[in-house]
Every structure is written in structure tokens, then in C-alpha cells.
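Assemble the dimeric complex from its two separately framed chains, guided by the hints.
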Amino acid sequence: MRESGAAVLDVHAHHAERGFWRTYVFSTDHKMIGKQYLSLGLFWAVVGGLLAHVMRWQLAWPETAVPGWGEVGPETYNVLVTMHGTIMVFFVAMPILLGAFGNFLIPLMIGARDMAFPRLNMLSVWVFALASLVLLVSFFIPGGAASAGWTGYPPLSAKAEYTGVNWGMDLWILAHALEFAAFLMGGVNYLTTAIALRVPGMTFFRLPLVIWQLLTATTLFLLSVGPLIAGAVMLLLDRIIGTHFYAAEGGGDPLLWQHLFWFFGHPEVYVILLPAVGLVLDVLPVFARKPIFGYRWIIYSTIAAGGLSFIVWAHHMFVSGMDPRLAMPFSITTILISVPFAFIMFAMIATLWKGSIRFDTPMLWALGFVAMFIVGGLTGIFNGSAPADIYISDTYFVVAHFHYTLFSSVVFGGFAGFYFWFPKMFGRLLSEPLGKIHFWLTLVFFNVTFFPLHNIGLAGMMRRIANPLEYEFLVPHQWINVVATVGGMLLLASQIPFVVNVVWSLLAGKTAPKNPWGANTLEWTAPSPPPHLNWGETLPVVYRGAYEYSSPEVAEDWLPQDRTLAARSR
Amino acid sequence: MSRGAIVLEDEVGFQRHHRVDSATVGMLIFLGAETMLFAGFIAAFLVFRLTAPVWPPPLQPRLPVGVTAVSTAVLLSSGYPMWRALRAARDGDHGGLGRSLTLTGLLGATFLGVQGYEWARLLTFGLTAPSGIYGGTFYTLIGAHALHVLAALAWLGIILILRNPAGVPVFGMYWYFVVGLWPLLYTLVYLA
Chain A
1 MRESGAAVLD VHAHHAERGF WRTYVFSTDH KMIGKQYLSL GLFWAVVGGL
51 LAHVMRWQLA WPETAVPGWG EVGPETYNVL VTMHGTIMVF FVAMPILLGA
101 FGNFLIPLMI GARDMAFPRL NMLSVWVFAL ASLVLLVSFF IPGGAASAGW
151 TGYPPLSAKA EYTGVNWGMD LWILAHALEF AAFLMGGVNY LTTAIALRVP
201 GMTFFRLPLV IWQLLTATTL FLLSVGPLIA GAVMLLLDRI IGTHFYAAEG
251 GGDPLLWQHL FWFFGHPEVY VILLPAVGLV LDVLPVFARK PIFGYRWIIY
301 STIAAGGLSF IVWAHHMFVS GMDPRLAMPF SITTILISVP FAFIMFAMIA
351 TLWKGSIRFD TPMLWALGFV AMFIVGGLTG IFNGSAPADI YISDTYFVVA
401 HFHYTLFSSV VFGGFAGFYF WFPKMFGRLL SEPLGKIHFW LTLVFFNVTF
451 FPLHNIGLAG MMRRIANPLE YEFLVPHQWI NVVATVGGML LLASQIPFVV
501 NVVWSLLAGK TAPKNPWGAN TLEWTAPSPP PHLNWGETLP VVYRGAYEYS
551 SPEVAEDWLP QDRTLAARSR
Chain B
1 MSRGAIVLED EVGFQRHHRV DSATVGMLIF LGAETMLFAG FIAAFLVFRL
51 TAPVWPPPLQ PRLPVGVTAV STAVLLSSGY PMWRALRAAR DGDHGGLGRS
101 LTLTGLLGAT FLGVQGYEWA RLLTFGLTAP SGIYGGTFYT LIGAHALHVL
151 AALAWLGIIL ILRNPAGVPV FGMYWYFVVG LWPLLYTLVY LA
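Protein chains in written order, with this note's numbering: chain A, 1 to 570; chain B, 1 to 192.
FYI, nobody ran anything at the bench for these hints, they're computed from the structure.
You may find that some hints are simply not true.
Unchecked claim - If the Cβ cut is set under 8 Å, some of the chain B residues that face chain A in the computed set are:
| id | residue |
| --- | --- |
| 1 | S22 |
| 2 | I29 |
| 3 | G40 |
| 4 | H145 |
| 5 | H148 |
For glycine and all other residues, C-beta sits at the position ideal for the given N, C-alpha and C.
Next comes chain B alone, as it looks inside the complex (with noise of 0.2 Å):
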């Protein structure tokens, strides 16, 4: 018997044999492939970032760049709660989970909001995905991202309404990712 193997008997009393737990790795893997889908979008977005003669085009309105350093906090706050949710998930402290879980949630969701409203500023003043480049590459690498705001938050809440904490520390692994991911869209698409 190999070592860390977990033999399991399944409802009809049948041998299973597993050696790691699937869903930590299945995740993992599905991260990996993620990771390279905003890589081909930040890898388009500098090739037009770095070819263009001027960045920000010229008569292109300016990035909410302090509003969103404030959304950054809060997307980024929301790591403290999910690791207290995982810790309640361990110790399977049910009342903690559900108000980390609930924390955590509201985070990620005042951040979309903020996120939500520059949009439709932004819009406003002209900035819209076919009006150049510039608005295009903004709109798709920000809005993929947004979407996997959008993602987590619905899972999030199918966890919390199905009171099923056993999906919990895959669902961190996801929300670490989405948040881990931002810092260094805000800094390429706002900052940089």
C-alpha cells in the first residue's frame, strides 16, 4: 500500500483507492488552464499596449485609477474572511462559516458594484469597446475578470443556500485565484 492512500469502501462495499484528494487537484488543473486564458488576454492586451505609439490613446477619457485603488482594497480584504471560512470549514464551526462565507460575499460583491458603476461612467464619456483599441482591451481583460467575479459569487451563494460546506476549500482555492489575479490587472490595465 502506497503512502498518504485512502482506501475507501464505496455504498456497495466495493475497494476504492484514492491517493489525493480529487477535487484540491482537479481545481488546481482547471486553475492552470485559467491561468492561461488571462495570460492570451493580457498577452493581446500588451501587444497593443507596447506597439502603440502613445498609451492612453490621445481623447480617450481617463481610467478611474483612485476610485479602483479603493475597490482593490476591498476585493483584496475579502482573503482575510475566506481564510476564516476555510479555518470554520476545518473545524466545522457551521456558524462562523456561513458569516465568513457571508463577509467574504459581500466583499466581492461591493467590489463588482464599484466595478459595475465606473463601467456605465465610463461609458458615458464615450469609452466603449468597438470606439478603439484602447476601450476593446479594457472591456474584455477587466470583463473576463469581472465575470469571474461574477462566477464566484454565484457559487458562493449556492454554498451558502445549500448549507454544504464540503465544497469550501475548493471554492477558496477559486476566490484566492480571482482575488490573487486583480492586483496585477489593476496594475497593467490602470497603473502601468
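Chain A on its own, in the form it takes in the complex (with noise of 0.2 Å):
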């Protein structure tokens, strides 16, 4: 293997005395800015995940006391519901897929030294540290943290008497606000590198898959957020000073928060969706050892998916009281919207046609989320057509629905951009069989957990119900809440060999080499782990796109964005 950009090692020497405050804490490199996000998120996966056990445990077997909690009665359901949502959207997702991938990636793989701006890629990464304290918080104030759903919708969220929580209800609005700034602020950097630090030769279509479906993303996210802003400011205004924007008794109207809220929720779904897509894009290629299949429609149809998810909003609302006439409309555009998706899918699969496929472990987690999203991608064509969704709106079938296709992004899509950029990001190999095993057991129990949830939903099980027994139709399928809980229990427990991989990885795992997949892509032509500053102090050239893997011009079966074929091509 050669680079044609020289990597000079012992020009870092100078650069790495930085100290442990500066390097570990408050640092501007954007690859220990991801890392952070990286650990703050996962932080919140751990308390997510409880929650969710807390949760599945008393719809298993309501009223027993959950092992390690106690009993949990309505009230304490509805913010075990509304902080799971909250903590896996807004604290997982969006800091592991954006977050963490979007530092580390978007810099390293299109050849610049650092972020545009780095100090304030450091701010972004604090204020959403000052963002999770905050919303740690909330659990612990008298009246305890918000239970008005993770959607927030008033008067539930705008009167402390409707829901018994006032401080929590306003901290978890301040949290949202300063996850928005950092986001914000990340945001800009990540779209102003792109367009201004690409390395020479880094053309957009040379661009890696994953680039563009964060840049996606980043851009979806910094145009939909605004509206849910000015929502927010109003919602606290409603609650601190008493106007009436969402109170109907005072000339308000409720539904004005759920548009504003859905007209950034959808596209949020793609921010957390997209990078998902990006990371898997860039495993198939180089385990399947084939150019990724139509490179450029894959980009045209991010772009639509993007475009179209900001007029699908209110397919979240069919059952809401809006003017009934907009459900068609909305049905189509949503329905509209499988059509990129499904592209996106057809390459992905015919990406493996024909390919050497080798199945490490990226590899697998890739799969997996192409099985398990197509899942959740045909059951959303359900809820999109507002005859079939009026059914199954707010049943568990659109739980199932909604966690085959966040979970697959979030889990499946962020293990498989773990487990391949891992030996970049830390200079480590994991262990291949404690991945796999991983893998195949978040397979298997992500199916139990989540697949009966679409046939409980289906017999009517309502989301939000703290006690399924109440209700007598319900009673026979209870069975069907049991399966689901062990399932997660045992899903939660599928994490271990994970935490022990990583573990043992960081401690005693091999060094991993510059480029141990055989991979194209720039950040492969640095060292593991890139030095701060990424390359020695020449930058590499790009000639070629990222996907150019068992290349007839060259011997090995892969041909690295850098290297110049000049005397053979001529």
C-alpha cells in the first residue's frame, strides 16, 4: 500500500504536547470533539435504556414493582414515555449519528486539517454538555421531569396543573433550546467545511456517501429548526407569562405547536435517518469489494428525500382535528417520499449483487439495517395513507413502526459506522467474534422485542397506557407484552459483549494499521489515530471518487482517493 500524500509522523511531535485539559476536555480537534459526543451520547443510551426496561417491565406486569425502581403509577409512566423519546432522539441519536460521526468523518474525508471554525465546534460540544446536565437534572427537581410526551403537545405541556410537573416542563424546553445551539453551531461548521475545506481534487461528486447524507442532514436540520424555535419561544411564554398561543379559552390555538413541532419533526426523523444511510453506504462498498451502485442518483434522490420531507408534516396529524382535506394531500407526498428511499435501498442491495462479500462485523451491522429498516420502511407506508394510519395512529404499531426505523438507524446503522471507523477513531482493532456475537444478538432480540409490537398494536393497544390490564380487550393479548419485555431485557443484556469489546479493545486490543479494511476513502491515509492536524504538513490530492474498489488499472482490489494512476491511464 502507498500513499502519495506524505504522511510525515514525527512533524506531530511539536503538536502533541497540548496537555490533558487541552487534549481531553477543552479541546478544538474535531476528531476529540467527536469523540466526546460520542460518550455523551452513549451516556444517554445507558439511561434511555433503562428507562425503556422500566417501562417494558410494568407493561409486562403492571402492578408489580419494577426490580431496582418500585412501582411506577400513571404519572411516573408518563415521564418514563417522554423522557425515553426525548433521551433517544434528541441524546442519542442526534449526538452519535451527527454528533460524533459528523466531527470525526466530515474533516478526515475530505482532507482538511480541522473543522472552519474549531472554537466553536468546542463551544457546540459544551453547550450540549450544558444541554444533557440540564436535562439530568430535571429528573431530580420537585415535581420531577416532563411528562407531556416527547412531542410536547399543549395544553398538556402548557399548564402544570394538567400533567403535575412545572420545573421539569420548563428545563426540558431550555434543554431542547441548548441541544438546538450546539447543533447550530455545529451545523454551520459542518456545511462551511464542506464547501470551503475540501483538499484539492475533492470535487462534490467525489465526495464519500456518507458526506453527503450528513451535509443532508446538517442542512435539513439547520432549515426545520427555526419554526420549532419560534414554537418553543411561545410555548414558554405560555407557561412563564400566561399568553394564550396555544390555549383555545384564550383565542389560542393547540394545533399551531403541532405544526410547528411536525414541520421540524419530520425532517428531524431524516437527520437521525440519513447519517444512518451514509455510514451503511460507505461499509457495503468496501466489504462488498464493488463500487457503490449509482453513485450519483443516490445523491439526487438524498437530495429529493430531503426536499419532500418538508411537506410531509402532517401526516403525523391525520387524527388530530386539522382541516380533513389536508390528509390526502399529505398522504401523497408522503407516499412520494418512499420512492428516493426505495432507490436508496435498490442500491444498497444491488451494491451487493455480485459483490466478494466479506462479512466482518461493519459489514453485518450494515445488513442488518438494510433487513430491518425495509421493515420499517413498508409498515410507514401504512401509517403515511391517512385511511390505513386513522386505524393505527397512536397504537403500537406505530411504536414498532417507529423503532424498526429509528432503532435500525440509531443501533444498526451507528454499529456499522462503529465497528468500521473504530480502529481510526481510537488506533485499535475490536474483536471480530465478540462483534459478531453482538451482532447476531441485537439481531435476533431486537425481532422479539419490537415485532410483536406490531400485532399488539394491531388489536388495539394504545401508546402511552401505563397499565395495559385496565383495558379488557387488551387482557387476552397480554402474552404478546410479555414476549416483548423479556425481549428487551434480553437486548439490553446483547449490549455486554459489546461494552467488553470496546474494553478490552482500548486496553489490549491490537494496533490497528493505517488502513485495515482495504478502504478508499481519505481518512484511510492517515495514521490511526490521526495526529491532531489529521496529516503531516502536506495535504493529500484527491483523483479519483470514493467507490473504485477491484479497479482493473491496479493489482490490489481497492484504489485509494489519492493515488495517481498518471503514467498508466496515459
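Shown next as C-alpha cells:
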């Protein structure tokens, strides 16, 4: 393996001396900031997972105390539902998929030494840490944490007397405001970096697809978050100074919040999905040893899906009491948005077609994502068309649907990326057997947990109910809840091999070579882990696209982006 | 080497590559997000405005259309000294830059002062944010803009105190956004 961009390691000696605080805590290095986002996201994943466990226990065996937690009353259950959703979407999915991978990959893959605004980047992660602290504190204040659902619908969220939660709701809004500020700073950085700091030769149509997906996700976030901030300001004013924006008795309109929330909320699910799709798109060709299928059309599809995501939001509101004439247009746009995503899924499968597939751990997770996301995508068709949705709205069918989409994005997509880039991030190789055990256990118990929820949802079980046994028609189906709960506990236990793997690898894993997978993109031309400023004195120069695997022009089955074949191609 | 590329060497002699000015791009992206924030406030305002049978609702004080027209003119006129300041920053004319920025700031502060005075009067007439949707939308939409003017003035003050002309072009973009937004809000809230 040869690198044309000379990687001069010892030049970095004087860069490395930055002290503990500047290196690990107040670092402006995009790689460290990415790892900080990753750590915070993993911390919240544990919290969110435990909340889910308490919820599931309550659903399977209501009226029994949850071991280690105690009795769960309806009020507590509302807190669990609200905070589980809030944490998983805003404090796990976004920091890991967008925060960690965005920060780590964007500069490395485009050949930049760091983000365009490194200090703003540091501020971003610290504001996010503050948001985390605010959310954490909200659990321990009088009245407890927010309990108006992760969507915070007024009037439930607007008046303390409806939920019994006073400060918790205000802190919930504050935590979101801080988190949005953090991702606003990050987003400005991502886009600016990708526009301004691409290395010579790195045209937009030579960017790895994960960069395209991250940039599209960032754009969606930046353009959709404004209306939600406006809505949140009005919600806070309703709560604190007694305005009536969402209070019907004062001339307000509770549906306005739902429109503003979902105008953000639907692009937001693509803010989570697209980076995961990108991670998988970059993993698949490496392990199929084949160029990606339909590179440009994947980009066009992504942009089309991003654009459409701004005009589908009311499909979350078919039963909200909005003007029913809106149901038809929003059903149509929603069904339409499955076209670009179907293309991307087919492109993923076509990339595998006749490839020399290697089943390393990252590949297993990527394939798991494809399989599981398709289930989520198919159930989405039922939710997206108003006639079917009116029946299944607010049932566990919807819960199953968005776990098949979001869990597959965050966990399967996220782990595909994590196992793939871990050697680059930490300079160590993970154990393949442990990684595979982790994958298969997670795949099996994910399905045991979430597939039955489709059935119990169709049987009529509503979301956000604390005790299904209070409903006579659900009693015969209670065994499904028990299955899902046992599956959920085993799903949590399935993460133990992962923890063991990471700890073992960081302490005693094999040192990772520069390019362990034989991959083409620029990050693999930097040392593992890359030093501060990523490359030595000179930057790599890009001569080709990111997916030239099994090229007939070279003997190896990969052709790095910075390799010039000038002498041979002439 | 691609067209328009700026290759720099940093303090330790490392090669760095810039295609375009990061600060300009970053500000444009930020202003895109800002535009959507105001789009949200304006959409909320329009939802109430267009579904109300009578607007302004009966028994509510009238907004000071005339005085605000004058302060609108004051704010818009600040675009000229801002433009002078951008030229002075480009030409390295430090004296002219300071004078133009100060004038820009004074015009902006005048606008904000008149707004504050109007608000104080409206409050005494009973138009408060909790008094109804009319007051609520007025204070949030106009207040969001006023906070932006205030932030711009604070930024301007920092530039003047630090005497650092490097940030002036980016500040100019933000100022033009805040000034350019106002006629739209004035038309929507005061005139329409």
C-alpha cells in the first residue's frame, strides 16, 4: 500500500504536547469533539435504555414493583415515556450519528485539517454537555421531569396543573434550546467546512456518500429547527407569562404547536436516518469490494427526500382534528417520499449483487440495517396513508414502525459505522468474534422485542398507557407484552459483549494499521488514530471518486482516492 | 489545484487549503437558519391573523403606524453608513470605518429606542403579551426582531472596542439581514 500524500509522522511531535485539559476536555480537535459527542451519546443511551426497561417491565407485569425502581404509577409512566423518547431522539441519535460521526468524519474525509471554526465546534459540544446537565437535573427537581410526551403537545405541556410537572417542563424546553444551539453551531461548521475546506481534487461528486448524507441531514436540521424554536418560545411564554398561543380559551390554537413541531419533527427523523444511511452506504462497498451502485442517483435521491421531508409533516396529525382536506395531499407527499428511499435501498442491494462479500462485523451491522430498515419502511406506508393511519394512529403499530426505522438507524447503522471506524478513532482493532456475537444477539432480540408490537398494536393497544390490563380487550393479548419485555431485557443484555469488546480492545487490542479494511477514502491515508491536524506537512490530493474497488487498473482490489495513475492511464 | 483555491501555511508550516472564505459561508448558512426562525414566527402570526374574523381584535389599542414609519426610515437609512463601513474596511481606511460604524450603530440604537418607547406606551394602554393573541404575536414577532437588533448592536460595540476590522464584512451581512427583515415585519404587523 502506498500513499501519495506524504504522511510525516514526526512533524507532529511538537503538536502533541497540548496538556491533558486541552487534549481531552477543552479540545478544539474535531476528532476529540466527535469522541466527546460519542461519550455523551453513549451515556444517554444507557439512561434511555434503562428507562425503556422500566417501561417494558411495567407493561408486562403491571401492578408489580419494578426491581430496583419500585412501583410505577401513571404519572411516573408518563415521565418514562416522555424522557425515553426525548433522550433517544435528541440525546442519543443526534449526538452519536450527527455529532460524533459528523465531527470525526467530515474533516478527515474531505482532507481538512480541522473544522472551519474549531472554537465554535468546542463551544458546540460544551453547550450540548450543558443541555445534558439540564435534562439530567430535571429528573431530580420537585415535580419531576417532563411528562407531556416527547412531542410536548399543549395544552398538556402548557399548563403545570395538567401533568403535575412544573419546573421539569421548563427545563425540558431549556435543554432542547441548548441542544439546538449546540447543533446549530455544529451544523454551520459542518456545511462551511465541506464547502470551504475540501482538499484539491475533492469535488462534490467525489465526496464519500456519508458526507453527502451528513450534509443533507445538517441542512434539513438548520432549515427546520427555526420554526420549532419559534414554537418553543411561544410555549415557554404560555407557561411563564401566561400568553395564550396554544390555549383555545384565550383565542390560541393547540394545533399550531403540532404543525410547528412536526414541521421540524419530520425532517428531524431524516436528520437521524440520513447519517445512518450514509454510514451504511460507505461500509457496503468496502466489504462487497465493488463500486457503489448509482452514486449520483443516490445523491439526487437524498436531496429529493430531503426536500420532500418538508412537505409531509401533517401525516403525524391525521387524527389531530386538523382540516381533513389536508389528509389527501399529505398522504400523497408521504407515499412519494418512499420513492427516493426505495431507490437508495435498491442501490444498497445492487451494490451487493455479485460482490466478493466479506462478512466482517461492520458489514453484518450494515446488512442488518438494510434488512431491518426495510421492515420499518414498509410499515411506514400504512402509517403514511390517512385511511390506514386513522385506524393505527397512536397504537403500538406506530411504536413498532418507528423503532424499526429509528432503532435500525441508530443501532444498526451506528454500530456499522462504529465497528468500521473504531480502528481509525482509537488506533486499536476490535475483536471480530465478540463483534459478531454482539450483532447476532442484537438482531435476534431486537426482533423479539419489537416485531410483536405490530400485532398488539393492530389488536388495539394504545401508546402511552401505563397499564394494559385495565383494558379488557387487551387482556387476552397480554402474553405479547410479556414476550416483548423479555426480548427487551435480553436486548439490553446483548450489549454486554459490546462493552467488553470496547474495554478489552482499548486496553489490550491489536494496534490498528493505517488502512485495516482496504478502503479508499481519505481518512485511511492518515495514521490510526490521526494526530492533531490529521496529516503531516502536506495534504493529500484527490484524483478519483471514493468507490473504485476491484478496479482493473491496479493489482489490489482497492484504489485510494489520493492515488494517481497518471503514468499508466496515458 | 482547483480554481479559486487559497493555499495557506499555518503557524507550524503545515499546508492548508481554503476554497472560499469560511466566515462568509458560515454567516450565509446561519442566516438561512435565522430566516427559518422568522418564517416560523411569521407563519404563527399569519395563522392567527388570517383565521381571525376581525383584525385587530376589537377593544385593542392601535399600533403606532406613523411613528414606526419614521423609525423604519431611520433603520433603513443605516444601510448607507454600513455600506460605507464595508468599503472603508476593504480599503483599510480605519478612521472612516470607525465613523461609519458609529453612525450605523447610532441609527440602529435610535430605532431600538423608539421601539422601546412605543412598547412602554402600548403597555400602559393595556396591550400586553398575555392580554390576547394580538398582543402576544405582536410582542414575540417584533420582540424577536428587536433582540436581533440588540445583538447586532452588541456585536458592533465589540468591533468598535476591539478596533478589529476583520469581522466587519461578516457583521455587514448580519446587519443587512436584520435591517432587510424589518420592512417585511412592519408591513405585516403594522400595515396589513
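Outcome of the hint check:
A cut of 8 Å between beta carbons decides the hint on S22(B): the least distance to chain A is about 4 Å, and the hint holds. Interface restraint check: I29(B) against chain A, minimum CB-CB distance 5 Å, threshold 8 Å, status holds. For G40(B), the interface hint holds, the least distance from its beta-carbon to any beta-carbon of chain A being 3 Å, beneath 8 Å. Contact between H145(B) and chain A, as hinted, is not supported at the beta carbon level, the nearest pair being about 12 Å apart and thus beyond 8 Å.
With a cut of 8 Å, the hint placing H148(B) at the interface with chain A is violated, because the nearest CB-to-CB distance is about 13 Å.
The structure fails to meet hints 4, 5 from the earlier list, while all remaining hints are met.
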